[in-house]
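**Student:** Listed in order, the protein sequences are those of chains Y and P.
Under our numbering, the letters of the first sequence match residues 12 to 169, in that order.
Under our numbering, the letters of the second sequence match residues 12 to 169, in that order.
FYI, nobody ran anything at the bench for these hints, they're computed from the structure.
Worth double-checking, as some hints may not be accurate.
As the list makes no split between identical chains, a pair holds if one copy fits it or if it spans any two.
Calculated cross-link-like contacts (lysine-lysine; reagent style DSS-like; alpha-carbon spacing at most 27 Å) [as the list claims (entries may be wrong)]:
1. Lys32 x Lys133
2. Lys96 x Lys71
3. Lys148 x Lys71
4. Lys136 x Lys148
5. Lys60 x Lys133
6. Lys133 x Lys96
Number of protein chains: 2
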Amino acid sequence: MHINAYADKYIIEHILFMKEKPHSFWIQKAIALAKQGQTPFGALLVNTKDEFITAYNTTKLNGPTAHAEMNVIRQMHLLDYTETKTLRLYTSVEPCPMCMSAIVWAGIGSVIYGASIDDAAKYGKQIHVNSSEIVSKSWLSIQIIHHIERSLCLELFE
Amino acid sequence: MHINAYADKYIIEHILFMKEKPHSFWIQKAIALAKQGQTPFGALLVNTKDEFITAYNTTKLNGPTAHAEMNVIRQMHLLDYTETKTLRLYTSVEPCPMCMSAIVWAGIGSVIYGASIDDAAKYGKQIHVNSSEIVSKSWLSIQIIHHIERSLCLELFE
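Start from the sequences, fold in the hints, and give me the full structure.
**Tutor:** Right, dumping it as C-alpha cells:
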C-alpha cells in the first residue's frame, strides 16, 4: 500500500504524539515523587493537555488522610479542565478505599497505578477493598489500568 | 428486691454520669453543625474527657474530599489523647468509604452515626460500601453504633 509523504508525516507525528507520553512515563514520574517524599507513594493528576499537578504521601506531617492521591485531589482546582472525567490520576500504588472513594467523589475518569493493594499488603497494613470494587458500588464508570511499572513501584517498599 | 440507700445513690450517680452525655447528645450537636454548614453532614471527634472538635461538610468550598468526617479527622492533632482508639467520632450520616477508611487509618475506636448510607442514597448519589464492611476488611476492630436520632438526621436532607 502506498502512502504519500504528507500522509506518512501525518501518521508518524500522530503516533509520536500518542506515544510521546505513555502510561509508564507518568508512573515513572509518580515513582520519582514517591522517592522525593521518602515514601512508596507518589501521584499525579493530568489533564488532556498533559498539564499536571503532583503530590506524595505526607501522613507523617499532615496526619492519616494525607495520602498522595488525597493530596493531589485537594489541589485539583489548580488544574485546567472542563469535565473532571477527562482527568487521569497516576499513582505508584493502587488507591486505598479512602483515595478511590475520593476519586469517585471527584469524578476523575481514569486511574492508572503500578503496584496493587495486595502487593503493598506484603509490606504493611492495608484495607483490603480494591479500587474496582469501590467503582462497582458507585454511580460512575472509571477506567482502571493496573501494574504499569509494577516492579519499579514494588522497589519503593524496600 | 431491696437496694440500700448507698447502693441506690451509687447506682443513680453512675447512671447520671453515664447518661450525662449520651450518644444522642453528641448526634444532636452533629445535627446542629450540619445545619450551620447548610448541608446534611456534621461531625465531632470526642476524647475520653469529653473534649471535642467539630466540622461540617465544606465540599462546595474545599472540593470533593471535604466531607465533615474528613474535616474533623484533619484537625485531630488539636485534640488531647494518648491512644487514638479511645476517640469517638459522631456523625449525622454513616461515613462513606472515603471517610470510614480515613477513620481506620486514623485508628479511631468508635463511630456513632444517625442516618445510614442507604438512607442518604434516597436523596443523592452514594458509594454503596457500608462502614462495617470497610472495618471488616481492615486490621482493626472499630465499634459502630448506628441510627442514633436517625429521623432528626434524615430531616437534614429535606
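**Student:** Please go over all the hints and tell whether each is borne out by the structure.
**Tutor:** For each hint, the structure was consulted:
For a Cα distance limit of 27 Å, the shortest separation of Lys32 from Lys133 qualifies neither inside one copy, at 31 Å, nor across copies, at 42 Å. With identical chains, the CA atoms of Lys96 and Lys71 are at most 27 Å apart between copies only, with a shortest distance of 18 Å across copies and 31 Å within one. Within a single copy, Lys148 and Lys71 get their C-alpha atoms only as close as 31 Å, which misses the 27 Å cut-off; across copies the closest is 24 Å, which meets it. Taking the shortest Cα distances, Lys136 and Lys148 sit within 27 Å of each other both inside one copy (23 Å) and across copies (11 Å).
In this assembly of identical chains, Lys60 and Lys133 lie within 27 Å of each other by CA distance neither inside one copy nor across copies; the values are 37 Å within and 38 Å between. Within a single copy, Lys133 and Lys96 get their C-alpha atoms only as close as 32 Å, which misses the 27 Å cut-off; across copies the closest is 24 Å, which meets it.
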